[in-house]
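Generate the whole structure from the sequences, applying the supplied hints.
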Amino acid sequence: MRLNLSLQQIVEQLGGKASGNTETQIVRVGSLALAQAGAVSFFSDTKYTAQLKNTSASAVVIGLQHASLTNLPKIITDNPYAYFAKLSQLLNPTYVVSPGIHASAVIEATAVIPTSCSIAANAVIEANVVLGNNVTIGAGCVIERNSSIADNTILEANVMIKYGTQIGKNCHLFPGCVIANDGFGYAEAANAGNTKHWVKIPQVGRVVIHDFVDIGANTTIDRGAIDDTVIEEGVKLDNLIHIAHNCRIGAHTVIAGCAGIAGSAIIGKHCKIGGAAMILGHLSIADHVTISPGSMIMRSISKAGTYTALMPSQAHEDWLKTAANIRHLSQLTDKIKTLEARIAQLTSTELTSNKK
Amino acid sequence: MRLNLSLQQIVEQLGGKASGNTETQIVRVGSLALAQAGAVSFFSDTKYTAQLKNTSASAVVIGLQHASLTNLPKIITDNPYAYFAKLSQLLNPTYVVSPGIHASAVIEATAVIPTSCSIAANAVIEANVVLGNNVTIGAGCVIERNSSIADNTILEANVMIKYGTQIGKNCHLFPGCVIANDGFGYAEAANAGNTKHWVKIPQVGRVVIHDFVDIGANTTIDRGAIDDTVIEEGVKLDNLIHIAHNCRIGAHTVIAGCAGIAGSAIIGKHCKIGGAAMILGHLSIADHVTISPGSMIMRSISKAGTYTALMPSQAHEDWLKTAANIRHLSQLTDKIKTLEARIAQLTSTELTSNKK
Amino acid sequence: MRLNLSLQQIVEQLGGKASGNTETQIVRVGSLALAQAGAVSFFSDTKYTAQLKNTSASAVVIGLQHASLTNLPKIITDNPYAYFAKLSQLLNPTYVVSPGIHASAVIEATAVIPTSCSIAANAVIEANVVLGNNVTIGAGCVIERNSSIADNTILEANVMIKYGTQIGKNCHLFPGCVIANDGFGYAEAANAGNTKHWVKIPQVGRVVIHDFVDIGANTTIDRGAIDDTVIEEGVKLDNLIHIAHNCRIGAHTVIAGCAGIAGSAIIGKHCKIGGAAMILGHLSIADHVTISPGSMIMRSISKAGTYTALMPSQAHEDWLKTAANIRHLSQLTDKIKTLEARIAQLTSTELTSNKK
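Note that the protein sequences, when read in sequence, are chains A, B and C.
For any residue, its number in the numbering used here is found by taking its place in the first sequence, counting from 1, and adding 32.
For any residue, its number in the numbering used here is found by taking its place in the second sequence, counting from 1, and adding 32.
For any residue, its number in the numbering used here is found by taking its place in the third sequence, counting from 1, and adding 32.
If you're looking for bench data, these hints aren't it; they were derived computationally from the structure.
Check before you lean on any hint, since a few could be wrong.
To be verified - No more than 20 Å apart at the CA atoms, straight line, and that leaves these computed lysine-lysine pairs for PhoX-like:
1. A/Lys353 with A/Lys367
2. B/Lys118 with C/Lys232
3. C/Lys369 with A/Lys369
4. B/Lys228 with A/Lys301
5. C/Lys367 with A/Lys232
6. C/Lys304 with A/Lys232
7. B/Lys201 with C/Lys232
8. C/Lys369 with B/Lys335
9. C/Lys118 with C/Lys49
10. C/Lys335 with C/Lys353
11. B/Lys228 with A/Lys335
12. B/Lys353 with B/Lys367
13. A/Lys369 with B/Lys369
14. B/Lys49 with B/Lys118
15. C/Lys367 with B/Lys369
16. B/Lys335 with B/Lys304
17. A/Lys335 with A/Lys301
18. C/Lys301 with C/Lys335
19. B/Lys369 with A/Lys201
20. B/Lys369 with C/Lys369
21. C/Lys232 with B/Lys301
22. C/Lys304 with C/Lys335
23. B/Lys304 with C/Lys228
24. C/Lys369 with B/Lys367
25. C/Lys49 with A/Lys228
Stated by the list, open to error - So, partial list: chain C residues that the calculated Cβ filter (under 7 Å) puts toward chain A:
26. Ala336
27. His348
28. Leu361
29. Asp366
30. Ile368
C-beta atoms are modelled at their ideal positions from N, C-alpha and C, and glycine is treated no differently.
Structure representation (structure tokens):
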């Protein structure tokens, strides 16, 4: 069950002074604007006084100097925001998974699984997989042969790791992500009848993931064609991202949801790539580059900074005109050249005419 | 097996008059243009006479006034389209899943599961999950602790619901979708050696899904950071959509495939968001707004209407010129200013000159 | 375990001459630039001499004429690249899955499964499914009723195939893809209180996949509304693609990751659709059309060629100006018209004035 604490029980654990109905039951935290019954919120700035007056929270954490602004049950403390953070931790304790292997998990005899690991229901672990200490494997995960996963890494439900993958320590892989799928590499060939078709290029590289990497739900990272696809330390990937074969994502780079990195792109360290941004294949992006959301990057970037490629949005009728104008931008440019020439001519005529 | 009915059997159930070979076997419905052997199509407008002549359908539903236009086996009826809709239902009866819990499902003792529910093979249901009546849980689904799913809701195969999620009545979640994954929230911090890295911000909000919501295959909806991510009544989401943390999607809004809604965006009611459209974080979109497919919205929209942000497509050679012109649009604007100044000057010179 | 071969063992199998420490152990292939200890690389062009000098590979495949360029252990052969390809195959043998049905698989009695098939752990196969010879079904796959999968086709882990799907021979479906999900079809209706809501349109068509089709990880292909969604022979789809209902993808077309094809679009044969490109619904694209990555196509294309719709990327400050200019492109066009009129007037004035 979700934790249920009275204000009295909270101040017994975290300090501060409960005021009003100290038996008020708290189930979760919430913001003043959106909190509902059962939630505790906090107040630390008088610019939110209106929100405090209108909040549906059941209680509020507040400084002594503001305590009179509300009749709600409250906890009075010196630093409401810091107290609220501790209270959030108290109400949302880290969920500890017990070590052990669920009876329904299917595990090859050659897999190495320390007793400190937790393997959930229906997980499948193939031959020669090696897990570090305290590794958590969620329900329905499939870890193919010869893969290794280092200490403290967590795989949530239905994560798929293909063969030969190396995953570092303290990583967190979210549900449904697919690691080390075959890269999208095909060569065009013609058969006897000269019909062109696609022949698969073997994808024999691996995926190597360093420590402290997070990988979002349903995100896919393909294995390299010859060399490895590498995700360096501290990289954080959001949901529904695709990282193609042979990419290297530099340490501490963050990539937001729905982004795509095409094959063999090399992304620097400490980059920030916005949601739905796309980086073309074989490009190099320098360290500390920020790519705006939704921007398609078609050239390598050698200098830190923020880069953008976006059409501004407009009311549809205005956009129709804009689109027509963009299609005719070349003619527009030509017209300006003509005007310039015409004016140069007029000017010289005028000069001549004036001289007369 | 798929249902197999003769024209005779069909008219016995739905009325109308079978004509031609009434033993013709029908397996499915199809359009005149694309139907193949075994399919029945319908004809109700003489603008499709050519399609009727060329159809590969095995039979056709048709009005008496048009019956002589085809020699195919047919069913003659007053309203061919309405008859066709009923026939489609007859050939594609709603698949009724039997109540019961498959022996391979893994269910915690504290989960509440009415006998009217159907739990398929390898489903995993954690502690304190509460299901309503007639809930269907597909094969391989994982429902984490403290979640609740109300009456008549259907989860298809491999749906992943993380802890504490609330799902309303009559919802339909399609295969592979992930609900209540951690929001993508990290704060930049520096360690002793002053290397910057990302520290995860706890994501303690929930996902709350109201009644009559559909969620497409492999779509992801993240849990809130402090407050909840909320999907209001009647919202329909297509496949491969990402809804980030703290979003609120207004009632009866539809979002097409591959779209992304960034964190804390508030979308109004009855909106229509096109495929691959993107809404930036912290924006508010009014009720009854339509966003064109592929459009990135970067500003809040306070007025109903249609909004677009798209580059028109061109043959690649033409586009190369357009792209160069766009890069030089500032210079173009400057040139026009220069021309305007020059002409103003010329005009005044001319006036002066004429006055002389 | 991964294969481990000494140079001596390699030349015994593939020919060529081992030189240097012939006991050097080789585990994988790699490029000169990125290979690490345990990897063998190849050298065939003196423009890579610097890479050869600096490589971390443990050994190199090289021609006799270049053998003196490196002190590394080496294999000397006439055609280093062809030898390297064979060596890559030797080190990465095709993984042969043993036929048989895992004890944990859940299979309906009416399913037809030849003894040559391999069904992995926790796979679920519903009633009346028919598999061809040598079909491989990965762990956690769900194959719904009345589907058929022809000879030699491989489904990797957690693939979801909904009812009535037909899949051809020699196809390869990668982890997490979802085939034949309901199309996204709803009609707007008003209830008694005149509130508009969405009513689902039954999706009774199928997905039909021809031979030699590859479908990437977490890609989704929706079933048709009335007719079928069809993927023709030899089509290759990358990861995280969405193909909506009623589409037809022509033979030997390739589509890169994150692309979306909206409902009822008809794509020709031998097309190449770039990553994150989008094709609007109900469009027809001719054979041999190439769509640039990230391009939204809003009109049918009747002629082979390359088509593009992209904003060029810029440093963010430059882009801000560009965006402002694009918003004012109509005014810009108007200004040019005014200038043209003004100049025409000036010219005629000038002419008049000169005539005087």
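Hint by hint, here is what the structure shows:
1. For the proposed pair lysine 353 of chain A and lysine 367 of chain A, the alpha carbon gap of about 18 Å is at most 20 Å, so the pair holds.
2. For the hint linking lysine 118 of chain B to lysine 232 of chain C, the alpha-carbon distance of about 15 Å falls within 20 Å, and the restraint holds.
3. Distance hint between lysine 369 of chain C and lysine 369 of chain A is fulfilled; the C-alpha atoms sit about 13 Å from each other, no more than 20 Å.
4. Pair hint lysine 228 of chain B plus lysine 301 of chain A holds up; C-alpha atoms about 10 Å apart against a cutoff of 20 Å.
5. For a cut-off of 20 Å, the pair hint linking lysine 367 of chain C to lysine 232 of chain A is broken: about 55 Å separates their Cα positions.
6. As the CA atoms of lysine 304 of chain C and lysine 232 of chain A are separated by approximately 16 Å, the hinted pair is consistent with the 20 Å bound.
7. Under the criterion of a C-alpha separation no larger than 20 Å, the hint pairing lysine 201 of chain B with lysine 232 of chain C is consistent with the structure, at around 16 Å.
8. Simply put, lysine 369 of chain C and lysine 335 of chain B have alpha-carbon atoms about 32 Å apart, too far for the 20 Å limit, and the pair is violated.
9. For the proposed pair lysine 118 of chain C and lysine 49 of chain C, the alpha carbon gap of about 15 Å is at most 20 Å, so the pair holds.
10. Between lysine 335 of chain C and lysine 353 of chain C the alpha-carbon distance is near 35 Å, which puts this suggested pair outside the 20 Å criterion.
11. With a C-alpha separation of about 19 Å, the suggested pairing of lysine 228 of chain B with lysine 335 of chain A holds against the 20 Å cut-off.
12. Distance hint between lysine 353 of chain B and lysine 367 of chain B is fulfilled; the C-alpha atoms sit about 18 Å from each other, no more than 20 Å.
13. Restraint check: the Cα-Cα separation between lysine 369 of chain A and lysine 369 of chain B comes to about 13 Å, which is no more than 20 Å; the hinted pair holds.
14. With a C-alpha separation of about 15 Å, the suggested pair lysine 49 of chain B and lysine 118 of chain B falls inside the 20 Å cut-off, and the hint holds.
15. This hinted pair checks out: lysine 367 of chain C and lysine 369 of chain B have alpha carbons roughly 9 Å apart, not beyond 20 Å.
16. Distance hint between lysine 335 of chain B and lysine 304 of chain B is fulfilled; the C-alpha atoms sit about 14 Å from each other, no more than 20 Å.
17. For the given pair, lysine 335 of chain A sits about 12 Å from lysine 301 of chain A by alpha-carbon distance, which is consistent with the 20 Å threshold.
18. Our distance criterion of 20 Å between C-alpha atoms is met by lysine 301 of chain C and lysine 335 of chain C, whose separation comes to about 12 Å.
19. Pair hint lysine 369 of chain B plus lysine 201 of chain A does not hold up; C-alpha atoms about 60 Å apart against a cutoff of 20 Å.
20. Using a Cα cut-off of 20 Å, the hinted pair lysine 369 of chain B and lysine 369 of chain C holds, with the two alpha carbons roughly 13 Å apart.
21. For the hint pairing lysine 232 of chain C with lysine 301 of chain B, the CA-to-CA distance comes to about 18 Å; that is within 20 Å, so the pair holds.
22. With a CA separation close to 14 Å, the supplied pair lysine 304 of chain C and lysine 335 of chain C stays within the 20 Å bound.
23. For the proposed pair lysine 304 of chain B and lysine 228 of chain C, the alpha carbon gap of about 13 Å is at most 20 Å, so the pair holds.
24. The straight-line distance between the Cα atoms of lysine 369 of chain C and lysine 367 of chain B is roughly 14 Å, inside the 20 Å bound, and the hint therefore holds.
25. A hinted pair counts as satisfied when its Cα atoms are at most 20 Å apart, and lysine 49 of chain C with lysine 228 of chain A does not qualify at roughly 38 Å.
26. Checking alanine 336 of chain C against chain A: minimum C-beta separation of about 13 Å lies over 7 Å; hint violated.
27. Below 7 Å, beta-carbon pairs count as interface contacts, and histidine 348 of chain C has one with chain A at about 4 Å; its hint therefore holds.
28. Because the closest C-beta pair between leucine 361 of chain C and chain A is about 4 Å apart, less than 7 Å, the hint holds.
29. Taking 7 Å as the C-beta cut-off, the interface hint given for aspartate 366 of chain C is violated, the closest approach to chain A being about 10 Å.
30. The beta carbon of isoleucine 368 of chain C comes within 5 Å of a beta carbon in chain A, closer than 7 Å, and the hint placing it at the interface holds.
Violated hints for the displayed structure, listed by number in ascending order: 5, 8, 10, 19, 25, 26, 29.
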